[in-house]
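Student: Sequence:
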Amino acid sequence: MNMAGKIAIVGSNMVDLITYTDRMPLPGETIEAPRFEMGCGGKGANQAIAAARLGADVMMVTKVGDDIFADNTIRNFETSGIDTRFVERVPGTSSGVAPIFVEPSGENCILIVKGANAQLSPADVDRAADALKECDLILMQLEIPLETVYHTVAFGAEHGIETLVNPAPAPADLDSTKIEKATFLVPNQTELATISGMAVNSLADAEAAARSLIARGVKTVIVTLGGDGALLINGNDAAVHIDPVSVKPVDTTGAGDAFIGSFARYYAENRDVKAALEMAVRYAADSITRPGTQKSYATVQDFEKFCQSL
1 MNMAGKIAIV
11 GSNMVDLITY
21 TDRMPLPGET
31 IEAPRFEMGC
41 GGKGANQAIA
51 AARLGADVMM
61 VTKVGDDIFA
71 DNTIRNFETS
81 GIDTRFVERV
91 PGTSSGVAPI
101 FVEPSGENCI
111 LIVKGANAQL
121 SPADVDRAAD
131 ALKECDLILM
141 QLEIPLETVY
151 HTVAFGAEHG
161 IETLVNPAPA
171 PADLDSTKIE
181 KATFLVPNQT
191 ELATISGMAV
201 NSLADAEAAA
211 RSLIARGVKT
221 VIVTLGGDGA
231 LLINGNDAAV
241 HIDPVSVKPV
251 DTTGAGDAFI
261 GSFARYYAEN
271 RDVKAALEMA
281 VRYAADSITR
291 PGTQKSYATV
301 QDFEKFCQSL
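Position 266, counted from 1, in the sequence shown is what the UniProt record's numbering calls 266; the numbers after and before it change by one each time, with no gaps.
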């Protein structure tokens, strides 16, 4: 396979534990559920898998526990061709898991247990420094300690490596001054409102909020708009709206991660932001035509067929 750019992900991994139930049990009640599924997830891992499926050379910097979930996560990375040299096990700690309970209506309840993800530290980034310096782009999300994200952004700025921060989930205590040196900030509308402190109810609102971040020092803001495509704001240039691709949605889970992972792959190859975003919108749209998260992410060959069908 021809590799398309070298990408590092300093981020999370999770194991989704999905129970399909006819109804939620009452406190103290035990009921039988008809179906269970287990899948690999976590924003960092999802973005890594999307980029790798599209041919990028991907390295993962993350932490897993010392349980059977860790074995499954590492095997999933390796099967996808991802460099796991810096996937470290944490003794006496669980892997990150997300127990999910789904009712027939589609309503769900989710518990997030960060587990070993909570122990990914700046020191882990420093241990991977030599390998990170060989990368074209480093991706981060906020399912790991914020200090590790801040340290990685500073590391990228110091060594001339481009960085992308996906501020998801956006916590109230995010220090936006410490991510201003990121090359790309990629929030959705809700996250943009949280970070900027401004209301985001329209495209005009999104552009105004994004420009407030540009004024603080962020080079480029990319706002993901779900079914409305994406918005690119870069310095004094006019905002660019990337049109959506119309598909019949089956499952939108993980579409944002598909978008970011595919954007990273195409941007790392040719450094053309707009062209990479156009491909990312298509890749995310393709992903929602199939159920699941990582299993909905297309390979290069299948994605080429999808693009030809448009």
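Please keep in mind that the hints were generated in silico from the structure rather than gathered at the bench.
Heads up, the beta-carbon is just placed ideally off N, CA and C, and yes, glycines get one too.
Where hints are given, some of them may not hold.
For lysine-lysine, the following DSS-like pairs were computed, each having C-alpha atoms within a straight-line distance of at most 27 Å [unchecked claim]:
hint : residue 1 : residue 2
1    : Lys295    : Lys305
2    : Lys305    : Lys6
3    : Lys305    : Lys133
4    : Lys295    : Lys6
5    : Lys178    : Lys219
6    : Lys219    : Lys248
7    : Lys6      : Lys248
8    : Lys178    : Lys248
9    : Lys248    : Lys181
10   : Lys274    : Lys133
Beta-carbon label-pair distances, calculated as ranges [what the hints assert, rightly or not]:
hint : residue 1 : residue 2 : range
11   : Asp126    : Asn201    : 37 to 47 Å
12   : Lys274    : Lys295    : 38 to 48 Å
13   : Thr30     : Thr177    : 29 to 39 Å
Student: A separate judgement is required for each hint: does it hold in the structure or not?
Tutor: Consistency of the hints with the structure:
A distance of roughly 17 Å separates the Cα atoms of Lys295 and Lys305; the hinted pair therefore holds under the 27 Å criterion. Distance hint between Lys305 and Lys6 is fulfilled; the C-alpha atoms sit about 24 Å from each other, no more than 27 Å. About 35 Å separates the Cα atoms of Lys305 and Lys133, which puts this hinted pair outside 27 Å; it is violated. A distance of roughly 22 Å separates the Cα atoms of Lys295 and Lys6; the hinted pair therefore holds under the 27 Å criterion.
A hinted pair counts as satisfied when its Cα atoms are at most 27 Å apart, and Lys178 with Lys219 qualifies at roughly 13 Å. For the proposed pair Lys219 and Lys248, the alpha carbon gap of about 34 Å is over 27 Å, so the pair is violated. For the given pair, Lys6 sits about 33 Å from Lys248 by alpha-carbon distance, which is inconsistent with the 27 Å threshold. Straight-line distance between C-alpha atoms of Lys178 and Lys248 comes to about 39 Å, which puts the hinted pair past the 27 Å bound.
Using a Cα cut-off of 27 Å, the hinted pair Lys248 and Lys181 is violated, with the two alpha carbons roughly 38 Å apart. At most 27 Å may separate the alpha-carbon atoms for a hinted pair to count; Lys274 and Lys133 meet this at roughly 25 Å. Between Asp126 and Asn201 the C-beta distance comes to about 42 Å, which sits within the given range of 37 to 47 Å. A C-beta distance of roughly 29 Å is found between Lys274 and Lys295, which places it outside the suggested range of 38 to 48 Å.
Between Thr30 and Thr177 the beta carbons are some 50 Å apart, a value that contradicts the proposed interval 29 to 39 Å.
Hints 3, 6, 7, 8, 9, 12 and 13 from the list above are not met by this structure, while the remaining hints are.
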